[in-house]
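Protein chains: 2
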Amino acid sequence: MSPFAGLSAFPLTPLHDDVVDERAFAGLVERLAAADVDSITALGSTGCAAYLSPIERARVARLAVEHADRTPVFVGISALRTSEVLLHAANAERAGAAGLLLAPMTYQPLTSDDVFEMYQTVTARSGLPVIVYDNPGTTHFAFSPELYGRIAELPGIASIKIPGVPREPDAARAHVAEIRATIPDHVTIGVSGDAFGAAGLAAGCDAWYSVVAGTLPSPAARITRSSQEGAFDAAAAESARLAPLWELFAEFGGSLRVIAAVAEHLGLAPSRCLPLPIRGLDDEQRGRVATVIEELSLGG
Amino acid sequence: MSPFAGLSAFPLTPLHDDVVDERAFAGLVERLAAADVDSITALGSTGCAAYLSPIERARVARLAVEHADRTPVFVGISALRTSEVLLHAANAERAGAAGLLLAPMTYQPLTSDDVFEMYQTVTARSGLPVIVYDNPGTTHFAFSPELYGRIAELPGIASIKIPGVPREPDAARAHVAEIRATIPDHVTIGVSGDAFGAAGLAAGCDAWYSVVAGTLPSPAARITRSSQEGAFDAAAAESARLAPLWELFAEFGGSLRVIAAVAEHLGLAPSRCLPLPIRGLDDEQRGRVATVIEELSLGG
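Residue numbers (UniProt numbering), protein chains in the order written: chain B, 1 to 300; chain H, 1 to 300.
No lab work stands behind these hints: they were computed from the structure. The C-beta atom is built at its ideal place from N, Cα and C for all residues, glycine as well. Hints should not be assumed to be uniformly reliable.
Claimed, not checked - Cβ pair distances, simulated, as ranges: (1) H:A174 <-> B:D283: 38 to 44 Å; (2) H:R23 <-> B:A124: 27 to 33 Å; (3) H:M1 <-> B:G137: 39 to 45 Å; (4) B:G96 <-> H:D282: 49 to 55 Å; (5) B:S53 <-> H:D18: 41 to 47 Å.
This is chain B alone, in the form it adopts within the complex (with noise of 0.2 Å):
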């Protein structure tokens, strides 16, 4: 199987009084080789690597490395700047991890001609592999089928990170295997936005890029194996009990606030981890975050 399929965890990168919270993120990443998951992304969007200096940044891909034990992990190396994306590169590298995740970020609206430029020069610089990152919520970057067909044609790129897939299982196959066609055979996709990880896996998807895996691994690692396994309505079933996690997700604006104050909630960051200005959920919100995890019985 190739290193970019299965289940891949995205932590939390928590903040203490706007420091790096160094032990709690290595107490994530101890946590996530344990549930044995396929992979360890760290600093993607869950791990708030936009708000994070290089410093920063370079310390976190090491204590992601040195604590993963064999699980591969995988860098963000997003940044606004392709300069400050090659540096992200080089540290995450010296690091020792085991492929790049990268994101079109934008501040100025971007070219898909701008896009193809920024893969081709990390992809040319970098020995690593690299995960194509479609997040358009957070980018505001639209990717065509076509360019992902360009960009995956560069050598060096290992994997296709969507942005979810249609509701209707009809639809969502026909959409994974549109991709799949423009695309070279050895290029996994892997579908993201957690309430999609069981279908987009039902739909021929390689991999699950997951939020909710990087603090709560158990229920991911389930629906993973379920699905690799062919068993795809228990991976429905049990993606479907955890919908009112979706519900919060989908209310709250995102994930990565509700991911928060779970992680909060069961004592795996410090409370308000988020780098402000984000300044998380307001207590009634948390309050309804904890309601569902004891009914969903995620705190173990």
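With chain B fixed as given, assemble chain H onto it according to the hints.
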């Protein structure tokens, strides 16, 4: 007149081989001071602040003040993380800035409370007046009139930079009046989006925060001075004369790539002066920019 009124010119921060071209930047600032603009705003969106490191930004702020003669210099301090915003604010203050420009940059979407608290923190910690920078095209954050009002009540808020006005003059006046009704009297309103400069001033805005003025100050100064004398028809006529330039802004995805091509064409910036991954205009597009500059006699 408030220093946050009249014409504020936004210079580029030109790069050469990924390093700030300090001589070109100083030249742009000197050109603006000589053109008698009312203020210079360094490190705005046009100044590519989002792409520069804290060290680069501190240096650019110092250069701007050193080369601006007696023209007040405002400095952009926007960043994704509040602690980095505070660092930029402290560096701008040390550089001798007369004010700060702050947009709610996003990677994760922000709530209104997140954004309010950021302005509260910055105004509490900095002695400098702050311009609230509403630029949804780059930040993807939508201010409401109510949020303008809450933020404008904070001590230290001096101005709100709004993203254009409605096309129809009565609607434009009503829009500016609606904002005016929510904010204290001493807080100015400045229009941006250069195609809206004349219309915004006619609709009651106090200031024009202008991209074009950062490279081509003379026509922007003519529009502003006519407006300040009540000669709104003359201002509108000069703005209409520049319509081919506004059309290039619209066609080529905003003002930045076009104004960079203008500065390069006029020898005010080195070629390919924008930070990668922004490749800037292609040769055919640059040819069209050059034609418009010549036809409008803007090269002087």
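Here's how the hints hold up against the structure:
At about 40 Å, the CB distance of A174 (chain H) to D283 (chain B) agrees with the hint of 38 to 44 Å. For R23 (chain H) paired with A124 (chain B), a C-beta distance near 31 Å keeps the hint of 27 to 33 Å intact. Take M1 (chain H) and G137 (chain B): their Cβ atoms lie about 43 Å apart, and the range 39 to 45 Å holds. Range check, G96 (chain B) to D282 (chain H): about 40 Å between beta-carbon atoms, so the 49 to 55 Å window is missed.
At about 18 Å, the beta-carbon gap between S53 (chain B) and D18 (chain H) misses the expected band of 41 to 47 Å.
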